[in-house]
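Start from chain A and add chain B according to the hints.
Protein chains: 2
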Amino acid sequence: MSSTNALEVLIQALRRLPGVGVKSAQRMAFHLMQHDRAGAEALSAALHDAAQNVHHCARCHTFTEDDICSTCLDPERDASRLCVVETPADQSALERTGAFKGLYFVLMGRLSPLDGIGPKEIGLHKLMERASDGVVQEVILATNFNAEGEATAHVLSEALKSRGLHVTRLARGVPVGSELEYVDLSTIAHALVDRR
Amino acid sequence: MSSTNALEVLIQALRRLPGVGVKSAQRMAFHLMQHDRAGAEALSAALHDAAQNVHHCARCHTFTEDDICSTCLDPERDASRLCVVETPADQSALERTGAFKGLYFVLMGRLSPLDGIGPKEIGLHKLMERASDGVVQEVILATNFNAEGEATAHVLSEALKSRGLHVTRLARGVPVGSELEYVDLSTIAHALVDRR
Numbered sequence: 001m002s003s004t005n006a007l008e009v010l011i012q013a014l015r016r017l018p019g020v021g022v023k024s025a026q027r028m029a030f031h032l033m034q035h036d037r038a039g040a041e042a043l044s045a046a047l048h049d050a051a052q053n054v055h056h057c058a059r060c061h062t063f064t065e066d067d068i069c070s071t072c073l074d075p076e077r078d079a080s081r082l083c084v085v086e087t088p089a090d091q092s093a094l095e096r097t098g099a100f101k102g103l104y105f106v107l108m109g110r111l112s113p114l115d116g117i118g119p120k121e122i123g124l125h126k127l128m129e130r131a132s133d134g135v136v137q138e139v140i141l142a143t144n145f146n147a148e149g150e151a152t153a154h155v156l157s158e159a160l161k162s163r164g165l166h167v168t169r170l171a172r173g174v175p176v177g178s179e180l181e182y183v184d185l186s187t188i189a190h191a192l193v194d195r196r
Numbered sequence: 001m002s003s004t005n006a007l008e009v010l011i012q013a014l015r016r017l018p019g020v021g022v023k024s025a026q027r028m029a030f031h032l033m034q035h036d037r038a039g040a041e042a043l044s045a046a047l048h049d050a051a052q053n054v055h056h057c058a059r060c061h062t063f064t065e066d067d068i069c070s071t072c073l074d075p076e077r078d079a080s081r082l083c084v085v086e087t088p089a090d091q092s093a094l095e096r097t098g099a100f101k102g103l104y105f106v107l108m109g110r111l112s113p114l115d116g117i118g119p120k121e122i123g124l125h126k127l128m129e130r131a132s133d134g135v136v137q138e139v140i141l142a143t144n145f146n147a148e149g150e151a152t153a154h155v156l157s158e159a160l161k162s163r164g165l166h167v168t169r170l171a172r173g174v175p176v177g178s179e180l181e182y183v184d185l186s187t188i189a190h191a192l193v194d195r196r
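Residue numbers (UniProt numbering), protein chains in the order written: chain A, 1 to 196; chain B, 1 to 196.
Treat the hints loosely; a few may be bogus.
All copies of an identical chain are treated as equivalent in the list; a pair is satisfied when it fits inside any one copy or across any two copies.
[Unchecked claim] When the alpha-carbon atoms are kept at most 20 Å apart in a straight line, the in silico SDA-like pairs for lysine to any residue are as follows:
#	residue 1	residue 2
1	Lys23	Asn5
2	Lys161	Gly149
3	Lys23	Ser92
4	Lys126	Gly149
5	Lys23	Asp90
Please keep in mind that the hints were generated in silico from the structure rather than gathered at the bench. This structure is a prediction, so every number in the text was calculated from the model and none was measured.
Just chain A, same shape as in the assembly (with noise of 0.2 Å):
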C-alpha cells in the first residue's frame, strides 16, 4: 500500500477509533474509497464541525453545542430531582424509558484509580456545587452496576450525604422479563434483600 500516502495516513486516522485494527482499518478505507466517497466527505465534515463546535454543558457537563443543554434549559423538568450518570450513552437510555422527567449529571467517566481517573477528572467538585443550590432535593445515583460503578457511587454518595442531601441508587434486581432459574444469584441475592 506504499503506493499512496494519503490512503495510509487514512488508514492510520481510522486506526484512533476505539475497536479499530489495522485490518478492519484497511477495510473501511477501501470501502470509503471504492464505493462511498460522499461518505467519506460527510464523516471528514461532521468530524470537523463536532470537533469544533461540541463543548461540556456549564450546568450538567454533557455534550452539547450550546453553553447550557436543551435538557437542563427545560423548564418542564423537576428541578428537585438531579440524576447522576457516567456518559451521555446512559442519559439517552434513561430518557427514552420516559419514567424520569428531573435533570442529570454527566460524569463523563467512573472513578478508575488504575487509569487515573480520580474525583477530579469525573467532576466531583462540580457535581457538589450543582447539587447544592438550594433546589435539588433528591440525587439519584445512576452509575453502572459493575465494580467501578458501584465504587463511584459509594463514593459520591458519601460526598452528597455529607452536605445533607437525600441520596437515592437505581434498585438491584430480578430484569423484567427474566426466570429466576436463570438470573445469577448474586442479583437474586440482592433482590431479596432489596424485597418490597
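Coordinates of chain B only, in the frame set by chain A:
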C-alpha cells in the same frame, strides 16, 4: 442525545463505515469528543484528503495519487509477468512475501452476479487490453480461493487464454506449518492431485 445535532450527525456518518452499528458509532463519537479531539481533526483531514486525491492507477487499477502508481513505474519490475488480484490488500499481502517481482492488475472486486458485479465492473476489458500489450508473457491469477474468487479466476482464465496468453493460478495445497490431521479434506485432495 437530541441535545446536540453535530454529535448526532457524526454518529450517523460513522455508521457508514463497514461493520459499524449504532452502538459502536456512539462509542467512537464519545471517545473522540471526550478523549481525542486531535484524532477527530486528523481523521477529518485524512478523509477529505484521500477522497479528493486518491484515484485508480491508469495501468493496474490500484489506488494511487498519481496517474500511474509507483509499482507500475518501477523499472526493476519484471513486466513480462502480470499478477491479477482482487484488492489492494491482496496485492499488499503478495508484496510482503517478497516472492513476486512482476506487475499487478487489481480487479477492485470479484465477479458476483447476485450483487450485480459482472465482467464490466471488475474491468475485464481493461485487463484484456493490459495483458495484450505484447510484453506480458504470463498472467498469474491470484484471486481468492473461495467460490466467487474461483469463479472469477475461471472466467478470466477463459478470456485470457482465448487471446493466446499463458495463464497460471496460485497453487492450492497444504498451508505451511499445518498438520495434516487438522487440514480440511478438500485441501488435502487438491494437494494430492497437484503433487509434485
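Structure-based check of all given hints:
1. Within a single copy, Lys23 and Asn5 get their C-alpha atoms as close as 17 Å, which meets the 20 Å cut-off; across copies the closest is 31 Å, which misses it.
2. In this homomeric assembly, Lys161 and Gly149 come within 20 Å of each other (Cα to Cα) only inside a single copy, at 18 Å, whereas the closest approach across copies is 66 Å.
3. For the identical chains of this complex, Lys23 and Ser92 are inter-copy neighbours only, at 12 Å across copies versus 32 Å inside a copy, given an alpha-carbon limit of 20 Å.
4. Only within a single protomer do Lys126 and Gly149 lie at most 20 Å apart by alpha-carbon distance; the minimum there is 18 Å, versus 59 Å between protomers.
5. Taking identical chains as interchangeable, the C-alpha atoms of Lys23 and Asp90 lie at most 20 Å apart only when they sit on different chains, with a minimum of 12 Å there against 30 Å within one chain.
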